[in-house]
Amino acid sequence: MSEIHFTPGSDIYKIQAEFYDGPFDLLLHLIRKNKMNIYEINITEITREYLSYLENSKGVNPAREGDFLMTASTLIYIKSRSLLPRPAILEEESPEKKLMETLIEYDKIQKISKLLKEMEGRELMLWKREDVKENFENSEFDLKEVSSFQLAEIFLNLLKREDGKEVLFLDSKNYSIEKKRKEILKILETEGFMNFNKYIENMDTSEEILVSFFTMLEMAKQKFIVAIQKAIFDTISVWKFDSGEIVQ
Amino acid sequence: MTEKKEPLFDDENEKIAFLESVLFVSKDPIEPERLIDYLGCRRIEDFEKLLRSFEKDLMDNNRGLFLKRSGGGLHLSTKPDMHEKLKDFFTIRRSSKLTIPSLETLSIVAYRQPVTLAEISDLRNVNSVGPVKNLLQKKLIKITGRKKVPGLPALYSTTHEFLLYFGLNDLSELPSLEELTEMFEDKEQPSLFD
Numbered sequence: 524m525s526e527i528h529f530t531p532g533s534d535i536y537k538i539q540a541e542f543y544d545g546p547f548d549l550l551l552h553l554i555r556k557n558k559m560n561i562y563e564i565n566i567t568e569i570t571r572e573y574l575s576y577l578e579n580s581k582g583v584n585p586a587r588e589g590d591f592l593m594t595a596s597t598l599i600y601i602k603s604r605s606l607l608p609r610p611a612i613l614e615e616e617s618p619e620k621k622l623m624e625t626l627i628e629y630d631k632i633q634k635i636s637k638l639l640k641e642m643e644g645r646e647l648m649l650w651k652r653e654d655v656k657e658n659f660e661n662s663e664f665d666l667k668e669v670s671s672f673q674l675a676e677i678f679l680n681l682l683k684r685e686d687g688k689e690v691l692f693l694d695s696k697n698y699s700i701e702k703k704r705k706e707i708l709k710i711l712e713t714e715g716f717m718n719f720n721k722y723i724e725n726m727d728t729s730e731e732i733l734v735s736f737f738t739m740l741e742m743a744k745q746k747f748i749v750a751i752q753k754a755i756f757d758t759i760s761v762w763k764f765d766s767g768e769i770v771q
Numbered sequence: 003m004t005e006k007k008e009p010l011f012d013d014e015n016e017k018i019a020f021l022e023s024v025l026f027v028s029k030d031p032i033e034p035e036r037l038i039d040y041l042g043c044r045r046i047e048d049f050e051k052l053l054r055s056f057e058k059d060l061m062d063n064n065r066g067l068f069l070k071r072s073g074g075g076l077h078l079s080t081k082p083d084m085h086e087k088l089k090d091f092f093t094i095r096r097s098s099k100l101t102i103p104s105l106e107t108l109s110i111v112a113y114r115q116p117v118t119l120a121e122i123s124d125l126r127n128v129n130s131v132g133p134v135k136n137l138l139q140k141k142l143i144k145i146t147g148r149k150k151v152p153g154l155p156a157l158y159s160t161t162h163e164f165l166l167y168f169g170l171n172d173l174s175e176l177p178s179l180e181e182l183t184e185m186f187e188d189k190e191q192p193s194l195f196d
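For the protein sequence lines, the chains are A and B, in the order given. With this note's numbering, the residue at position 222 of the first sequence is 745, and numbering never jumps. With this note's numbering, the residue at position 140 of the second sequence is 142, and numbering never jumps.
The hints are simulated quantities; they were obtained by calculation from the structure and are not laboratory data. Since the structure is predicted, the reported quantities are computational estimates derived from the model, not experimental observations. Take these hints with a grain of salt, some might be off.
In silico lysine-lysine, DSBU-like type, Cα no more than 35 Å apart, as pairs [what the hints assert, rightly or not]: (1) K709/A with K99/B; (2) K651/A with K81/B; (3) K135/B with K744/A; (4) K746/A with K721/A; (5) K29/B with K651/A; (6) K141/B with K746/A; (7) K29/B with K634/A; (8) K640/A with K51/B; (9) K99/B with K70/B; (10) K744/A with K99/B; (11) K135/B with K621/A; (12) K99/B with K753/A; (13) K81/B with K141/B; (14) K149/B with K637/A; (15) K721/A with K99/B; (16) K89/B with K70/B; (17) K135/B with K763/A; (18) K58/B with K81/B; (19) K631/A with K81/B; (20) K141/B with K640/A.
Generate coordinates for the entire structure from the input sequences, incorporating the hints supplied.
Take a look at the structure:
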C-alpha cells in the first residue's frame with residue numbers, strides 16, 4: 524500500500540511505492556483522504572492540495588513531478604472550464620466525464636491487482652514439482668547485458684537498412700563524439716532511458732549513426748551508461764549507470 | 003480406447019498408491035478424467051472418495067505434501083508451512099513476484115480479454131509495452147488473435163500458466179467486479195495521509 528507523507532515545514536516527501544504508479548494513484552488517494560465521492564470530486568480542494576504539495580517540494584524527481592503536474596493541470600483545466608460560462612456541451616466531450624470514467628476504471632484495476640497480488644503471495648508459498656527448476660527469475664525482466672560484438676552486429680543490421688535508401692545529397696557535417704555524448708546524456712537526464720534504435724532512426728547520414736554508436740560504446744566502457752538488449756535483433760535500451768544500479 | 007480391460011488394481015489402496023506415483027512424477031497437473039479412466043472408477047463419486055482418502059492420508063500423517071486442485075487438474079504441492087524451510091534449504095530467494103505494472107496489466111487482460119495493447123495502455127494511462135512483453139515472456143498472457151481495426155493490433159488473453167500461477171482452475175473462479183468491490187469495501191483502507 525502506498526503511503527505519502529507530507530512532512531510539515533520541509534520539502535521532503537516520501538513515497539513507499541508499492542502501489543504507486545502514476546498520477547491517478549495519487550489522485551485516488553487524495554479523493555479517499557477527503558472522503559469524496561468519485562463522481563463529485565471537489566476540484567478546488569484537490570487542486571489546492573496539489574498546488575501546496577508542489578510548492579513544498581523542491582528538487583525532486585522531475586519525471587514524477589511531471590506526472591503530478593500533468594494531473595494537476597488536468598484538474599485546473601476542468602476547474603477553469605467549470606468557472607467559465609459556456610454553451611451546453613455534448614456529454615462525451617466533457618473532460619470531467621472522461622476523467623471520472625478513467626478514475627473509476629483505474630480504481631477497479633487497482634482492486635484486481637491487489638487481489639492478484641494476494642493470490643500470488645499465497646501460491647508462491649506452495650512448491651510444486653517444477654518450481655525449483657523453473658522458478659521465475661528474481662528480477663522482473665530477464666535482461667542481459669550485451670557484448671560489444673553483439674552490439675556491433677545489431678548495428679550492422681541497422682546500417683544495412685540504410686543501404687537501400689537513395690542518396691539525395693551528401694552532407695559534410697562534422698559530428699563529434701563529445702557533442703553526441705552531451706546529447707545522449709541530455710536525453711537520459713530528461714527521459715531516464717533511451718531507445719537507441721529510435722534515437723538513430725531519424726539521422727540523415729551513416730556517419731552520424733556511426734558517431735552515435737561509437738559514443739554509446741565509449742560511454743558504456745567508461746561506465747556512464749548501461750546498454751541492454753532483451754533479445755537478439757531487439758532494440759538497444761540505454762540507461763544511465765549509477766553506482767551499479769540501473770536507474771529506470 | 004481399447005477393448006474392455008481387466009481391472010489393473012487390486013484394491014483402493016493400490017489405486018491411491020498409483021495416484022500418488024502419478025502426481026509425484028508429473029510436472030503438470032493431471033486432468034481428473036484421465037485418472038478416472040485409468041483407475042477404472044465407474045462413477046465420479048468413486049474417484050472423489052479415492053481423492054478424499056488420499057487427502058486424509060496426507061493430512062493425518064503429518065506429511066509435507068497436500069493434494070492441490072488447480073489449473074484444471076490435480077497435483078501435489080508442499081504445505082504452506084514448509085515454505086520458509088524449503089527456501090532456506092535450497093537457498094532460494096523466492097521473492098520473484100510480479101511488479102505492480104505487470105500486475106496491473108495482467109488485471110486488465112484477465113478481466114477484459116481479449117484486449118489490445120492500446121486498450122491496456124489507455125486504461126493504465128501509461129504505455130504498457132514493457133509489462134506486456136514481460137508477461138508474454140513469462141507465458142502468463144498470449145496473443146490470441148487480431149482485432150479487426152486499422153493496423154490489426156494483437157489481442158492478448160491469459161494462459162493456462164496464468165491459472166496455475168494464481169492457483170485457479172478456470173477464469174470463472176476470479177471474483178466478478180461487483181464481488182471485488184464488496185471485498186475491498188469491507189476492509190476500507192486507512193487514510194494514507196494520516
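Evaluated hints:
no., hint, in the structure
1, K709/A with K99/B, "holds, 33 Å"
2, K651/A with K81/B, "holds, 10 Å"
3, K135/B with K744/A, "holds, 28 Å"
4, K746/A with K721/A, "holds, 22 Å"
5, K29/B with K651/A, "holds, 8 Å"
6, K141/B with K746/A, "holds, 34 Å"
7, K29/B with K634/A, "holds, 32 Å"
8, K640/A with K51/B, "holds, 34 Å"
9, K99/B with K70/B, "holds, 21 Å"
10, K744/A with K99/B, "holds, 32 Å"
11, K135/B with K621/A, "holds, 28 Å"
12, K99/B with K753/A, "holds, 20 Å"
13, K81/B with K141/B, "holds, 25 Å"
14, K149/B with K637/A, "holds, 29 Å"
15, K721/A with K99/B, "holds, 31 Å"
16, K89/B with K70/B, "holds, 20 Å"
17, K135/B with K763/A, "holds, 22 Å"
18, K58/B with K81/B, "holds, 14 Å"
19, K631/A with K81/B, "holds, 32 Å"
20, K141/B with K640/A, "holds, 17 Å"
The earlier numbered hints are all upheld by this structure, with none contradicted.
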